[in-house]
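K.L.:
Start from the sequences and build out the full structure, keeping to the hints where you can.
Number of protein chains: 2
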Amino acid sequence: MTNKKEIIAGIIIIGNEILSGRTQDINTKTISLWLNTIGIKVTEVTIIADVEQTIIDTVNEFKKRFNYVFTSGGIGPTHDDITAQSVSKAFNIEYGPHKEAMKILENYYQPGEFSEGRQKMAWMPVSAKLIYNPSSGAPGFNVENVYCLPGVPSILKSMIGGLTNELVGGDPIISHTLSLRTVESEIAKSLSNVQDNNKDVDIGSYPFFKAGKLGVSIVLRSPEQKKIDKCNSEILKFVKEKNIELVENS
Amino acid sequence: MTNKKEIIAGIIIIGNEILSGRTQDINTKTISLWLNTIGIKVTEVTIIADVEQTIIDTVNEFKKRFNYVFTSGGIGPTHDDITAQSVSKAFNIEYGPHKEAMKILENYYQPGEFSEGRQKMAWMPVSAKLIYNPSSGAPGFNVENVYCLPGVPSILKSMIGGLTNELVGGDPIISHTLSLRTVESEIAKSLSNVQDNNKDVDIGSYPFFKAGKLGVSIVLRSPEQKKIDKCNSEILKFVKEKNIELVENS
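First to last, the protein sequences are chains A and B.
This note's numbering applies: residue 1 is where the first sequence begins, and numbers increase by one.
This note's numbering applies: residue 1 is where the second sequence begins, and numbers increase by one.
None of these hints come from the bench; they were simulated from the model.
There could be a bad hint or two in this list.
Same chains, same label: a pair holds when it works inside one copy or across any pair of copies.
[Unchecked claim] Using 25 Å as the maximum straight-line C-alpha spacing, the simulated PhoX-like pairs for lysine-lysine come out as follows:
no., residue 1, residue 2
1, LYS99, LYS210
2, LYS5, LYS237
3, LYS226, LYS199
4, LYS157, LYS29
Given the structure is predicted, the values throughout are model-derived calculations rather than measurements.
P.N.:
Here is the structure:
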């Protein structure tokens, strides 16, 4: 099995409402789970304020460090939506009405309803590629390796599927979970040995509390099923030896 | 009214499980809402992997840029919990068993149950100040302006209250919400004018979809009630002129 190069992504969540705690970000999870399925690993997320220079600097840094960059938020019609103009500046591309986006929105709204406020949603880097929006008309956009998506979770979710065939991922990352009726300190040493024997499998240990009982989920992640299987059997070995109840193995 | 200096915080969420999408981060919201009440504004959040050098670099950068830094995650007993050793390296402080933490955990567990795995939870920068844990014994720790908290949300939540009197905040940030039965593009221009007239009130506009109806929440944030009141009445003026239904004003 040849291993493709690891393909990594960074996510930039833009919005004061997330930083203030008013709104719970759930787009990170949506984007990460989707990217897993096409072999792209999210290795960093940043949540930043609606401040132009901050957005410009973060986009410029991330586009160099990651194969793919996703932004979420700030592409609506109000004064605090400044992602499109900031990304235009980051790439030094003219910010203005995007021809295809204008057409899409003209068609989307009833005659006479395509107001100035709504037209702002077609303003973006003029040479950007559009990301189509099956939910509510207003498209996102893509410049080089940066993909700009809206902040509203249901709309974002409806738009990412259309990008799947456009992104070039590595091997999909396989995830396998063992849940044990134990506490972390009980298995810490054995699990550490398994990690030492299997350096290229990402082994995570996460305590949980469900239905009144404590437990630990061990999550194995790798693009290679064989490596996960080897790891899994080494864990099952110490689980049996320690007489720990296995709640889940899937 | 004298305005205290703005006090800002950065949050570092540490954990592959958040980046992979397996686990939904909710600690950002918990920490932000709590800090609001003591006049500390979160201006950046980063989510990073369980990688030592990444944690060291991020802590070193954040401790310079923010008045307060909070980390969440990676202080448990397993091999993937490397926050304590990484923060020790960032501050160039010896990583070892912390005397007071060892005592707390010795008392917490039954005789004979304070195993090697559990002892790891008392390993941290040896000169750190402890952050007490009323839920499950194992403390967090504080070095200079960096506060290291666990990743388990209920435990984190139980620990932050004890820090409230230790942190020096600015004036608490007051938040006021107006919810309107309209769409953003309808009010974008008027709201932009209000923002121009009230530059030091943070005005956010957030579309919502509740009980089958579209609406927009406008959130005003400032440490000064007077400034919020002025902004609020300017918004109510255009809301009335445009004959928009006001759903909430609180």
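K.L.:
Could you figure out if LYS99 and LYS210 sit no more than 25 Å apart (CA to CA) within one copy, between two copies, both or neither?
P.N.:
Classified as neither: same-chain Cα gap 53 Å, cross-chain 33 Å, threshold 25 Å.
K.L.:
For LYS226 and LYS199, with the copy left unspecified, which applies at a CA distance of at most 25 Å: within, between, both, or neither?
P.N.:
Classified as within: same-chain Cα gap 14 Å, cross-chain 59 Å, threshold 25 Å.
K.L.:
Could you figure out if LYS5 and LYS237 sit no more than 25 Å apart (CA to CA) within one copy, between two copies, both or neither?
P.N.:
neither (32 Å within a copy, 58 Å between copies)
K.L.:
Which holds for LYS157 with LYS29 at a C-alpha limit of 25 Å: within a copy, between copies, both or neither?
P.N.:
both (11 Å within a copy, 22 Å between copies)
Against the hints set out earlier in the document, violations occur for numbers 1 and 2.
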